[in-house]
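Given only the sequences and the hints, what does the whole structure look like? Please build it.
As given, the protein sequences belong to chains A and B, one line each in that order.
Residue 75 is where the first sequence starts when you use the numbering used here, and the numbers rise one by one after that.
Residue 75 is where the second sequence starts when you use the numbering used here, and the numbers rise one by one after that.
Since the hints were made in silico from the structure, they are not lab data.
One or more hints might be untrue.
Note: identical chains are not told apart, hence a pair may lie in one copy or across any two.
With a straight-line Cα cutoff of 27 Å, these simulated DSS-like cross-link-like pairs (lysine-lysine) come out [said to hold, decoys possible]:
id : residue 1 : residue 2
1  : K140      : K109
2  : K209      : K140
3  : K236      : K112
4  : K208      : K112
5  : K112      : K133
6  : K209      : K133
7  : K102      : K209
8  : K109      : K236
9  : K133      : K102
Note that this is a predicted model, so its numbers are computed, not measured.
There are 2 protein chains.
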Amino acid sequence: MELYLIRHGIAAERETYTNDEERPLTNKGRYKTSKVAKQLYQRGLRFDLILTSPLVRAKETAAILKDVGLSNRVEEFPSLAPDGDIYTWVNWLELARENNRVESSLALVGHQPDLGNWAEILVWGKSREKFVLKKAGLIGLHIPETKTLLSQSELFLLTAPKWLI
Amino acid sequence: MELYLIRHGIAAERETYTNDEERPLTNKGRYKTSKVAKQLYQRGLRFDLILTSPLVRAKETAAILKDVGLSNRVEEFPSLAPDGDIYTWVNWLELARENNRVESSLALVGHQPDLGNWAEILVWGKSREKFVLKKAGLIGLHIPETKTLLSQSELFLLTAPKWLI
Numbered sequence: 075m076e077l078y079l080i081r082h083g084i085a086a087e088r089e090t091y092t093n094d095e096e097r098p099l100t101n102k103g104r105y106k107t108s109k110v111a112k113q114l115y116q117r118g119l120r121f122d123l124i125l126t127s128p129l130v131r132a133k134e135t136a137a138i139l140k141d142v143g144l145s146n147r148v149e150e151f152p153s154l155a156p157d158g159d160i161y162t163w164v165n166w167l168e169l170a171r172e173n174n175r176v177e178s179s180l181a182l183v184g185h186q187p188d189l190g191n192w193a194e195i196l197v198w199g200k201s202r203e204k205f206v207l208k209k210a211g212l213i214g215l216h217i218p219e220t221k222t223l224l225s226q227s228e229l230f231l232l233t234a235p236k237w238l239i
Numbered sequence: 075m076e077l078y079l080i081r082h083g084i085a086a087e088r089e090t091y092t093n094d095e096e097r098p099l100t101n102k103g104r105y106k107t108s109k110v111a112k113q114l115y116q117r118g119l120r121f122d123l124i125l126t127s128p129l130v131r132a133k134e135t136a137a138i139l140k141d142v143g144l145s146n147r148v149e150e151f152p153s154l155a156p157d158g159d160i161y162t163w164v165n166w167l168e169l170a171r172e173n174n175r176v177e178s179s180l181a182l183v184g185h186q187p188d189l190g191n192w193a194e195i196l197v198w199g200k201s202r203e204k205f206v207l208k209k210a211g212l213i214g215l216h217i218p219e220t221k222t223l224l225s226q227s228e229l230f231l232l233t234a235p236k237w238l239i
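Below you can see the structure in the form of structure tokens.
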């Protein structure tokens, strides 16, 4: 099974919003995210499901991914918000696979440094914050069929928009 | 400084050559490698120097990278051959930086699983063989200005040709 960790696109500056959760993508953010999404679609990528952080900039990113055809299912997942707990969604995924809700490909839309840290934990069991993940960039992992994902996954993709569009 | 680890393109089958070192790229290998190289060039990538494994399939890959304009310098480096020792080229790089032979960007053309292992060692200090690097794919690392590269580098790129071309 393939797991994609996708960082939200460029969002409005922190200073311009009192509530960080409400910062939307900028025009440039929407444009670049849309270009990335179209490239991924053209290369044949599809997701059984997109789970997104409930923050506006992540939800807007997930909506763009859905709109280009990468998936027809998007759901909010609270623990994908900043500082979320990897075990919450890993446990959810275990159940989702048992119930065949997710079969071959899942995308999570969220934030740094969480996504990079999670990828390191999935591959090596712990994070040293050594993954550079740009906005609208993505990480791709092969995750095993067994229940234990942590420190069992393989990294096959880590890229920024500049290498895709 | 940026370090790129580039795997050689698709080569002739092992069975067709008595000497593994002499296997050349196939037509498809040359075509895909050339497309990857042109995409990297168009995205602004340049190398101060390309060091290549002395095996034919690696030397041909390095020549393609040079021919599209990614660098004007290619040198053979024996310890980039399969099962080469990371310390040989890491020590070489330390001297090369002191002498300003390499300033901002170095590419190594070589083989799996060595390249993936070396990347893991540069990032985490040891390898668990968890990086999937396809033929003509590449890994990009930020390496520190200090002498100690091992377990100090950051990963910013790992990609297969399919995401580039």
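In rising order, the numbers of the hints this structure does not comply with: Violated: none.
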